[in-house]
Amino acid sequence: MRKYIISSIFFLFITGIVVSCQNQETIDLQNYMSNGKDIYKNKCQNCHGENGEGLGQLAPPLTDSVFLKANKSRLACIIKNGANESLIVHGKEYKEKMPAFPELADIDVAQVMVYVTNSFGNKQGFVPYSQVSKDLQNCKIP
Amino acid sequence: MNKITIYLATSLLAVSIFTACKQEKKLPFYGERHAETVKDATGKEKIDTVYQTIPDWSFLNQDSVVTTNKATDGKIYIADFFFTSCTTICPTMHRNLMTVYNDFKTNPDVMFVSHTIDFKYDKPHVLKKYAQKLGVDGPKWQFLYGTKDSVYTLAEKNYLVAVGEDSTAKDGYIHQGYLVLIDKDRRIRGAYDGTKADQVEQLKKDIPVLLAEYKK
Numbered sequence: 001m002r003k004y005i006i007s008s009i010f011f012l013f014i015t016g017i018v019v020s021c022q023n024q025e026t027i028d029l030q031n032y033m034s035n036g037k038d039i040y041k042n043k044c045q046n047c048h049g050e051n052g053e054g055l056g057q058l059a060p061p062l063t064d065s066v067f068l069k070a071n072k073s074r075l076a077c078i079i080k081n082g083a084n085e086s087l088i089v090h091g092k093e094y095k096e097k098m099p100a101f102p103e104l105a106d107i108d109v110a111q112v113m114v115y116v117t118n119s120f121g122n123k124q125g126f127v128p129y130s131q132v133s134k135d136l137q138n139c140k141i142p
Numbered sequence: 001m002n003k004i005t006i007y008l009a010t011s012l013l014a015v016s017i018f019t020a021c022k023q024e025k026k027l028p029f030y031g032e033r034h035a036e037t038v039k040d041a042t043g044k045e046k047i048d049t050v051y052q053t054i055p056d057w058s059f060l061n062q063d064s065v066v067t068t069n070k071a072t073d074g075k076i077y078i079a080d081f082f083f084t085s086c087t088t089i090c091p092t093m094h095r096n097l098m099t100v101y102n103d104f105k106t107n108p109d110v111m112f113v114s115h116t117i118d119f120k121y122d123k124p125h126v127l128k129k130y131a132q133k134l135g136v137d138g139p140k141w142q143f144l145y146g147t148k149d150s151v152y153t154l155a156e157k158n159y160l161v162a163v164g165e166d167s168t169a170k171d172g173y174i175h176q177g178y179l180v181l182i183d184k185d186r187r188i189r190g191a192y193d194g195t196k197a198d199q200v201e202q203l204k205k206d207i208p209v210l211l212a213e214y215k216k
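Just so you know, the sequences run in chain order A and B.
Number 134 in the UniProt record's numbering belongs to position 134 of the first sequence; there are no gaps in the numbering.
Number 152 in the UniProt record's numbering belongs to position 152 of the second sequence; there are no gaps in the numbering.
Since the hints were derived computationally from the structure, they do not count as laboratory data.
Hints are supplied without guarantee of correctness; some may be wrong.
Derived CB-CB ranges, DEER-like [stated by the list, open to error]:
| id | chain 1 | residue 1 | chain 2 | residue 2 | range |
| --- | --- | --- | --- | --- | --- |
| 1 | A | GLY91 | B | GLU201 | 29 to 35 Å |
| 2 | B | ASP73 | A | ARG74 | 49 to 55 Å |
| 3 | B | ASN102 | A | LYS92 | 16 to 22 Å |
| 4 | B | ASP185 | A | SER86 | 45 to 51 Å |
| 5 | B | LEU60 | A | ASN138 | 41 to 47 Å |
Derived lysine-lysine pairs resembling DSS-like cross-links, with alpha carbons at most 30 Å apart [stated by the list, open to error]:
| id | chain 1 | residue 1 | chain 2 | residue 2 |
| --- | --- | --- | --- | --- |
| 6 | B | LYS148 | A | LYS43 |
| 7 | B | LYS205 | A | LYS41 |
| 8 | B | LYS105 | B | LYS25 |
| 9 | A | LYS95 | B | LYS133 |
| 10 | B | LYS140 | A | LYS97 |
| 11 | B | LYS129 | A | LYS41 |
| 12 | B | LYS129 | A | LYS97 |
| 13 | B | LYS204 | A | LYS41 |
Yeah, the Cβ is synthetic: ideal placement off N, Cα and C, and Gly gets one too.
Turn these sequences into a full structure, and let the hints guide you.
Structure representation (structure tokens):
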């Protein structure tokens, strides 16, 4: 009987550890998502809208998963340095200039990028800060 | 029998009190006011309140046509101040104002007037492009260009909206995001923060109230 109790407690203990120990990446993703949302509200929402819907032909929507995927390594550069070329989003051309946000640190860019690519119907998963830093070093300076 | 009569009388009284209290909603008047002695139609003198009104104006619109206050004659309109390269509050203001525009697009008594405060860059053809990209076409929503002096004075003195150049601001200008509701007699009847969805909803409710004042 005693053996039975001890082994069941031990079993419960192990289960508890496994359940509480979420994947580190999931925790990071949640972190990035919540910080990214704040940055989005402050820097992006004015033009791109609360739900990433964009504004007429002035600002493109952020709901084109195909565009986001195809330009994945460029997204960080666009967020930080803005855009001054025409972009095709959802089959429509957008030519307005996007302002640069030089005040954003690499980690901010990573967080807001993860937020955008995992909101508004997008689900592209986690991108670590180290990858974003690398992307930012390879930006073409306009 | 007597009791019934009393009941009936009280309930009638109650009903009449309630209906008497029901006053039609009227929008407030903004700005300065003063009392003036005026003569009514019969020549009798009486004292009346005179409210602040929007003075005559004349600007170039998005089609480079000289547009004056005559364009808004007999209409109520919503005025605001913005500039096309603004990346802070203007996109939100105009996103919200677009929803008002779409609601009242077919109402001939409602107009929209947006003044640019960027007198250097926002020439009529820039405004035209902006309007088209926003999704606005036709004369119902006027985008107006004027000199710094004329626009800034109109904003601050008459529409009571603060505007200004500011080299420390990200886009070079600062301004308030009010949507100002003007009645057919050019008086200010409402000011709504165009960046706040709930205030824009209130504007949508107030427009029919203001229009109803003129239906009598």
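Review point. Which hint numbers does the structure go against, in order from smallest to largest?
Key: Result: no hint breaks.
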